[in-house]
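Undergrad: Chains as they are written, first to last, in my numbering: chain A, 50 to 364; chain B, 2 to 275; chain C, 391 to 659.
Honestly, the hints are just simulated from the structure, not real lab data.
One should not assume that every hint holds.
To spell it out: a stretch of chain C is covered by chain A in this simulated footprint if at least three of its residues, at any positions, have a beta carbon under 8 Å from a beta carbon of chain A; those stretches are [stated by the list, open to error]:
(1) 466–473
(2) 500–512
(3) 516–524
(4) 568–575
In silico EDC-like cross-links for lysine to aspartate or glutamate, where the CA-CA straight-line distance does not exceed 20 Å [what the hints assert, rightly or not]:
(5) K102/B to D117/B
(6) K49/B to E105/B
(7) K450/C to E259/A
(8) K610/C to E411/C
(9) K450/C to E416/C
(10) K610/C to D267/A
By construction, the Cβ of each residue, glycine as well, lies at the ideal position given by its N, Cα and C atoms.
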Amino acid sequence: MRRRLLPGWAGLVLLFVFAAALSLALGPGGLAGTNSSAVMNLRLLRLALGIVAGGVLAVVGASLQGLLQNPLADPFTLGVASGAALGASLTVVLGRVSGAFAPVGGFAGALVTMLLVYALARVRGRVTVTALVLVGVIMSFLFSSLVMLVMILGRRTLGEAVYMMMGHLGTVFTGTTAWLFGAAALLAVIGCGWLFSLSRSLDIMSSGEEAAETLGVDTQRVTRTVFVLSSALVGMTVSFTGAISFIGLVVPHLVRMLFGPAHRRVIPGSFLAGAGILLLSDVLARNIVPGGLPLSIVTALVGVPFFIYLLRSRL
Amino acid sequence: MRLTRFVLTIAAVMVAGCQKQPAANPGLRVVSLVPSVTEIIYAVGAGKALVGNTNQCDFPEAAKCVYKVGDFMSPDLERIVALRPGLVLLTLPVHRQLLDKLTEMRIAVYVSRPADIKAVFHEIDTLSRLLGRKASGESLVADLQRRLDSVPVSSDTPRVYVEISGTPLMTAGGGTFINELLSRAGGRNVFASSVQEYPVVDPEAVLEADPEVILLLHPDMSASDVAGRVGWGNISAVRQRRVYDRMDEDLLFRPGPRIVDGVVLLASFLHPGH
Amino acid sequence: MNERDKGMAIELSSLSFGYGERLLFEGFNLDVAAGEFLGVIGPNGAGKSTLLKLMAGLLKPGQGSVRIHERELRTIGRTELARTVGVVLQENPFAFDYTVADVVMMGRNPYLGRFARPGRQDRQIAASALEFVDALFLSDERINAISAGERQRVVLARALAQEPKILLLDEATSHLDIAHQQMIARILVELNRQGRTIVLLSHDLNLAALYCSRILLLDKGRAAACDVPERVVTAELIRSVYGLEPIVTRHPETGRPQVMLPVATGSRG
Chain A
50 MRRRLLPGWA GLVLLFVFAA ALSLALGPGG LAGTNSSAVM NLRLLRLALG
100 IVAGGVLAVV GASLQGLLQN PLADPFTLGV ASGAALGASL TVVLGRVSGA
150 FAPVGGFAGA LVTMLLVYAL ARVRGRVTVT ALVLVGVIMS FLFSSLVMLV
200 MILGRRTLGE AVYMMMGHLG TVFTGTTAWL FGAAALLAVI GCGWLFSLSR
250 SLDIMSSGEE AAETLGVDTQ RVTRTVFVLS SALVGMTVSF TGAISFIGLV
300 VPHLVRMLFG PAHRRVIPGS FLAGAGILLL SDVLARNIVP GGLPLSIVTA
350 LVGVPFFIYL LRSRL
Chain B
2 MRLTRFVLTI AAVMVAGCQK QPAANPGLRV VSLVPSVTEI IYAVGAGKAL
52 VGNTNQCDFP EAAKCVYKVG DFMSPDLERI VALRPGLVLL TLPVHRQLLD
102 KLTEMRIAVY VSRPADIKAV FHEIDTLSRL LGRKASGESL VADLQRRLDS
152 VPVSSDTPRV YVEISGTPLM TAGGGTFINE LLSRAGGRNV FASSVQEYPV
202 VDPEAVLEAD PEVILLLHPD MSASDVAGRV GWGNISAVRQ RRVYDRMDED
252 LLFRPGPRIV DGVVLLASFL HPGH
Chain C
391 MNERDKGMAI ELSSLSFGYG ERLLFEGFNL DVAAGEFLGV IGPNGAGKST
441 LLKLMAGLLK PGQGSVRIHE RELRTIGRTE LARTVGVVLQ ENPFAFDYTV
491 ADVVMMGRNP YLGRFARPGR QDRQIAASAL EFVDALFLSD ERINAISAGE
541 RQRVVLARAL AQEPKILLLD EATSHLDIAH QQMIARILVE LNRQGRTIVL
591 LSHDLNLAAL YCSRILLLDK GRAAACDVPE RVVTAELIRS VYGLEPIVTR
641 HPETGRPQVM LPVATGSRG
């Protein structure tokens, strides 16, 4: 069994390294850009952003799919991404502070959404995953609409709103936001590690909440922990990059096809695969069209054929 | 709804102690849904014909007193119709649906969509004739043209990066108004070759282009923020402290009579000392 | 062995519970002695599943208490409870394709610390649980790729891997063919013989009557009867609870009561 998994891990690591190398080598400046330290700084930051965003989104997607017992769940199911987008856009539009503080507003928006969703989903002191999903989805719709409203009222071009909803890795960093991001990246790694430690509980919970209870899993605690971690992680990511879709939904499935559904393999595998695929998509998005395509378009275009290939090779 | 109207009317009347002026052309009642067109109307002296405009029509001062039919992005059809307008001035694609409805109701409509400065002058001309102020229109255009021509042509055309938005970085492409204003002012838009109107750009691309002047056309960030961006320290514009912020965007984005003021403003940034 | 010496496995005292306004159970009492094989039968909506969930701690009673091995359920830690009581629910949806071996290993969860991986002993216990239900050959199969009967056995094996002293089963045989029903029955009898307390909810009166030491006939949250099968599976009681006129016979091998239905005439009597 273990020997069969090795090619899978090797493949993912290769993908990751390849994508990272491409990301550093290619850009509007081309290979020549590697000579300039300013350009390399930009590219390194972009690389770090891509790794964190891709890894986090995939890990959160995998965890939520397990917790919610639903292969169609993704990081945005629980409404947090929309809340983050709303927080960020409100900060930019209303705030007298510099727009560089959008990430802080985004994170705040994510936290508020998380508390709201959790509070609304609580019935008689208990939170079932069904309730979470229902409330989360509704909130998602609500906040997405509010983002559009804020953008319109704030006289932003709708193009900006589109980019925020479709994701990008082109965030400009000032000294302050670079440090903010550093802190966020560290927290992100810790958060993913925490989710990894819940692997067995997630395995069991994916087979039914009640059954999990009878097997000794503290479903309320696990639900709360995964929910809070997911919200915080997604909030952090979205506030820097906007909502990048597809990664959180499909990458975990790709990894499951390689390693089976056990979370102790799916979670780390998803981090690697998510980072790699996102970086690859970003390289494509930046270099194919001069202005750069919205990232979510490319992640879908890159991910789907890959997914279909894997799917068919297993049938 | 009624209370809002009431409050708005009172507020409008109280502002600048203005009063409604009697209609110059008693037959023609005009509603303007476009701030730049509102400016044109007043610039050719036809302000008395204006019976309604939008919340965003804020220049000149008198425009603020006029009855508001709603937001530029979503004016209220009911209010427009209630004014019994003889002519409604709007733009596309924003007012697409409104245009269809007004046409259905057989209300005369004029679509304003000037693509460049020449078209703006043409529009001033057309509108002034529609409003019976042909002479004013002609002299206004002549005056503007003269001022435009007197913008000094310099031998050097600095590379300019125009930033429309900071998150993500968005600039203006070649087909935009701002682009034309820039070239008239004696500058070169580094992203003029972009096909998209307002493309999102990679920060690295800005570094590559190494602009000598940076114009921030959004209130999110200040010049010092831009200078503080990672990797941007070596851009010519940053090094020479030629990053300009907090300018009156209306001068640059409204295709109306103040467009030439916009050119003059840009020229002052691009060639200080002239 | 005198059952009374072993004490009570499950005690429900003055239990009250309801969904929403209406109370389903009011002042309900039930004692299940250790080593008993209790069958719970009754019409749909009688509260069988609810009763099981109350016993398992999945539902909290509004009033009254539940005791497991003479300790208040509330005071028993989650992990300890999972090592004592194994539950097989009616629906077992598996959202992802774990292998049978993976699924049974989940039963070892109460014995594994947060970061511990299953050891050799855990693997042995899981394997013997699978062997016990005659499903060891399915170890590497995907849980969603096997038949309903095989799945039922695997879920049972998972509960057995918990090494529970009490086993609660909600409809262990409803989707199974008669061969598999027989197999499950055999397994349950053997488990009971080993000393485990078994509570089996069943729609199948005959199965319950044939194997259980006592039967609880539940009717709208009320115990219509709780006694040996001969005294519960009677024409009068069945008529009063189900509204049917059954034909009660004796099983030729053990003399346990068995129920046959009269022929339906097709006209509304």
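Undergrad: Tell me, which hint numbers fail for this structure?
TA: Hints 3, 4, 5, 6, 10 not satisfied by this model.
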